[in-house]
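Chemist: As they're listed, the protein sequences go chains W and Z. Final position of the first sequence in the working numbering is 1036; the numbers increase by one with none missing. Final position of the second sequence in the working numbering is 351; the numbers increase by one with none missing.
Don't read these hints as lab results, they were simulated from the structure. Glycine included, every Cβ here is placed at the ideal spot set by N, Cα and C. Be a bit skeptical, because a hint or two may be false.
Stated by the list, open to error - Derived EDC-like pairs (lysine to aspartate or glutamate); straight-line CA-CA distance at most 16 Å:
1) Lys236(Z) to Asp346(Z)
2) Lys939(W) to Glu82(Z)
3) Lys6(W) to Glu69(Z)
4) Lys6(W) to Glu318(Z)
5) Lys468(W) to Glu643(W)
6) Lys187(W) to Glu506(W)
7) Lys6(W) to Glu342(Z)
8) Lys939(W) to Asp79(Z)
9) Lys939(W) to Glu342(Z)
10) Lys236(Z) to Asp81(Z)
11) Lys706(W) to Glu756(W)
Stated by the list, open to error - Computed Cβ-Cβ distance ranges for the label pairs, DEER-style:
12) Thr73(Z) to Pro974(W): 54 to 60 Å
13) Lys173(W) to Gln89(Z): 35 to 41 Å
14) Gly414(W) to Glu115(Z): 54 to 60 Å
15) Arg287(Z) to Lys465(W): 50 to 56 Å
16) Met19(W) to Arg287(Z): 49 to 55 Å
17) Glu389(W) to Arg287(Z): 30 to 36 Å
18) Arg847(W) to Glu82(Z): 27 to 33 Å
19) Gly169(Z) to Met19(W): 49 to 55 Å
20) Gln89(Z) to Asn968(W): 36 to 42 Å
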Amino acid sequence: MTTKNNVLNLLSTMLAMDAPATRDVTDENNGLDRAPVAREENNKPVLGLPSFSDTEMIPVRQEDGRLTNYPPPDKWDDWVEYDGKAWPKKVARRYTLVPTVCFNCESACGLLAYVDKETYEVKKFEGNPAHPGSRGRNCAKGPATHNQTYDPERILYPLKRVGKRGDGRWKRITWHQALDEIAQKMRHSRKQRRDGIMYHVGRPGEDGYTNRCITAWGVDGHNSHTNICSAGARAGYSFWGGFDRPSPDHTNARVIMLISSHLETGHYFNPHAQRIIEGKMKGAKIITFDPRLSNTASMSDVWLPCWPGSESTILLAIANYLIQNDHYDKEFVRRWVNWQDTLQAVRQGKLTVDDPDLQAALEGSSALKFEHFEQLLKVLYAEFTFERAADEAQVPVERIRETAEYVAHCDGKLATHTWRSASIGNLGGWQVARCLFFLNILTGSVGTPGGTSANSWNKFVPKPFKTPPPGETWNELNLPHEWPLAHYEMSFLLPHFLEEGRGEIDVYFSRVYNPMWINPDGFVWLKALLDEEKIKTHVALTPTWNESAWFADYILPMGHAGERHDLMSQETHAGQWIAFRQPVRRVALERAGKQVRFSHEANPGEVWEENEFWIQLSAHMDPDGSLGIRQWFESPYRPGEIITIDEYYQWIFENSVPGLPEKAAAEKLTPLAYMRKYGAFEVTRDNYVPYEKPVAGIVEEEAKKLESFTFQLAEVARGIAREVLEIEPKGLAIDSSNRILKAGQPIGVMIDGEPLVGVNTPSRKFEFFSQTLYEWGWPEKEHTVPWPLKSHVHPDHIDRGKGEMLLLPNFRLPTLIHTRSANAKWLYEISHKNPVWMHPSDATRLNVGTGDLIKVETEIGYFVDKVWVTEGIKPGVIAMSHHLGRWRLQENTGVNPGMSNLAQLELDEQGNYKLNIIHGASAWDSFDPDTSRIWWKDVGVHQNLTHAVHPDPVSGAHCWLQKAVNVTKAGPEDKHGDVQVDINRSMAVYQEWVDLTRSAMDTSPDGNRRPLWMKRPLKPVVEAYKLPEQPFGR
Amino acid sequence: MDGNELDSRGQFADQAEDQVLITNVSSLSPSQLAKARGRTYDLLGRLILNGLTAEQLPFVKAIPELAATLPVSFDADEAAADHQQIFGFNVHPHESIFLDPAGLLGGPVAEVVLLDYRQAGFSGQIDSDMADHLGRELRYLALLSDLEAKARTNNLRDVAQRMAGLQRDFLDDHLLRWLPPLTLSIEQESLAFYTALVQLAFDVATVHRADLLAEPAPEFTLPEPPELLTQKDTGLREIAAYLLAPPYSGIYLSRDDIGRLARKHELPRGFGDRQQMLLNLWRSATTYNSLEASLEALQELVSSWHDTYRQMAENPYLRPFVAVWETRAAATMALLAEMRSDLPPLD
């Protein structure tokens, strides 16, 4: 202890100095008590003391026993509470609470906006307890909507480019001018061609509204981000069951199997994570495949840090264990898998099996027996031992065996999920989804409580008042002939197609999309965006600045979650619901009796919403109706008049949502008023095994006929005859595969004599053997049935002795979302940098430690980033999180200074493109005092620029995993954030992957571009499917 | 309280009062001493409340004990991060945390502190959550000292005596009761600046108490801990709760302390609140057959606290405040020893 003398010296020192603070110590701590009396700070000063709500919150009982309280809906119109910002003063404020829907990921969780009744400012966003998906809970991204609403750097007015693209000079224009000019360009294009307008969406955030508009314009103009996100998984699921997303019922599962943590850290994070925890609390085992120790992996019962690309082998080893031990749900497989078609394929030599006994049995038997199929499975998958899987995956064999045991005892309650991970990471990743769902098939966990459903079974999309007819055109820039099975548009290759001269675009809308930043090979995008011949007009619809918008011609500010109308539904659990996004200030103003014509009158600045914008733009495009467009935007209630947004949703809620009118009437509300009040409606609950439902679309008499044994027997005979004579059946029929046909179209399937609806595949059953893949150019066993495909980052392709490593560039953080987080200060304070994860053994080899700079060379260039040494990543693999590394080119304009680097671009004629960082994030002055408190500088490195494109030849997915051809300690000349790319190399690697494709020109069995049964976001008429005579490259 | 109240008081002999209130100080007059204490408590309080800022840096540089801990160049971001690390994440410097077994802010302990402020005549709005923060308590003493100094300068003897009495009461009833374990807990965190800062506050308060010439305070008591090992439903959760409640265990375990214990045996301890972390640590220790070693390490830690309390108790003015902590630490050592002896032998 310090001696007394030391203390006395201290006291003497203090006495000799000036007072430590400018204020005398007695000036503080003696204020007056402040009761919540009416004062000038109150928002109702003339009314005196506000009467407080009884603070009797609405009790929401969760299944796991937790109780959460919310303001009761009958108090939402006038809710009073203290202003947290005024703390420690107690200032009471009155709010009107308006429900809306979060727009920060695709989950569509409910939000409740607290709108100040005096100022109409949005005070905060909390959870909406009436929302069936999120149940009042939100992740960090929900409340951060407030940051985005009040982001000092957001774009508040329509802007038009001045000077050359990318000069960064803009002028403010009116909405009227924007509508006039853009609509004229669209009209001109539409009169010339049907594929000149392209709407390229990153995050739809709605169900079908914009697609209806595009269809009404009569163009094939929809483009998406799907092929850098989920195309691999979608393809895998589609080949099995005709649906393109899984919907696991985590709450009731006994085993939850996750391929990566993407689901729980990406979108669907909040609604799914809460249900995974509920499942876990009830005893479910969690199994996570991930080379990275994610938060999810750390909470799992089994973590399988497998080498990327080995997932299918592990899954098939588990399948093999179930098969060899006869430990699978044979009754489900017998009823619902296309085993007859599969055995027929073996008979016909389409599927080769090295088992003479089975071949002989099939040839010697007139009837196909399920026992043969059982034998087939045993022969096919015998090679997938635990030992082989452990060897390929580089994980302990015991852990795979343990996983198999859990799966074997799941009792039909296996909830599985894969999305933007292995299935989008690897060449052939679509087979990961297929192998994963194979386990659902084998355990009978399909659409069951605790099992995995199709997304469409748990999602509800109501029909609008009038639907335009399908288009008549096929846009080759979206779905070219090389990828007939792609899911879906080859969006990330758009600039490569333009560079090759496959076409050009008259009017390009990018919407909630930052293609140059988010896609691989961003510099090729930059080149395309700069080319005014290839992209003649670029309109960026965005609520905030982004790197691509910098190179647009128009920037049109569109609202955040509380500033727009949208209708959404998502497959969050085994039920169906809709949720209504609303411009909350507008709704608050209308509740107060104020008239609002368009949402931009109520939003900050002149921020608008797409719904009203599309209506007005379409009307401007076809003012006299001569293009046939205007009719789709006329009111169903006021003939000839342009529809209002209220009318659009009024019609849907009154006519297309079963149960809603009745529910609203019970509260003496119109359906629209009900949705404006609650923001959500539960359509169905516990929607299990819908494929077992009786076939729909037939009258009672037809149903009786189908169930008649005599009819069935006769149909078998007729079916054989029709096949031989190649006659299309008329009326109601059953074909030789037991499909129920009506007017030639399959509408269901006979299962054990019962006419059931089945699933949306050609066979109406789950397809183990895919006739589609066989017929469309992929006849090998590794394609037609669930089978591993050798990834482009297989260990055989990564020579670690030469310094090569595998770069895992696409894991996500639960607090950020793509490129839309850089206007949310709270989220960026939590996570803002993306160092390279590296295992200590690799760090030792490279002689680097945490914080050192490393240079990662890819196939087309390199980047420089800091390293983070951790045992949480597999040796040989390096990983970087998605989302980060945002940049801007001017100090005072562009992406928010606290969340982006100031950068400079250098492009030369030889194709060398460089991005260098001038400085990192910095504080700045604005109306928001928090912007002066930015304390971080490192906001990450833009790695995607250095990624070569890897289009999978089947699914069309960009295979995100990158081969890092060299990883070294950075040299003295290297700076954090440096990026350099040779775009000539970009095009060369692109061509290498194009060479893997099998064009529909060579493989199509029917002269079409794509199987008719497979999904497309907007399906054109059948005639448009016909292959062109001379497509590009032919 | 304001200047008018002070003006209503009579004068007194400055020199004589110095003899009553202050001894062992020859170079400073009583009013100077009070003023110096006021400034010192104020500076220490501000540093604990807000961390080191550029505004306070010149004062800190003038204090050798603190100056020795400063980095070569001052970085406000780093200083703020250190402050958050120690007081935001690890050691919550509230009297409630150290004296109330519930360990919740704004509870009965804080209410008593608030009541003392009010009884001293302060009607200011002080949130109960913050009333018992160390920084706030130091600044309360700063205020009393400053008022005492002003009273002396103005020859207001009664006021000065009253202010001195309030200081003594507050030291006896509050600050010195929890400064011993707080000082030790900060010392564990290995942030040199804050170790020196809190040690300085402890020393100033100790010397201050001795200078007040009153009798040593009577020993205070802490709430009686539960008889854990005699209750049949006692599990690891209950033991963890006991250890994490300073009035029971005599020690304070921060997140970093638990992390250090885990690292010592290369055990995972997970995330979450302290109780969750400690349970995670023990569960993983059980899995890896390291529970005995882990308990031993914890026992060593408690033993070091116990020894330090014993050393503190050698100061007669500190003894009443430390004796009970020493007793608690000894009981915790015994508890851990008993737990270790009850463990089944390793295979």
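Chemist: For a quick check of understanding: which of the numbered hints are violated here, in increasing order?
Modeler: 7, 9, 10, 12, 13 and 19
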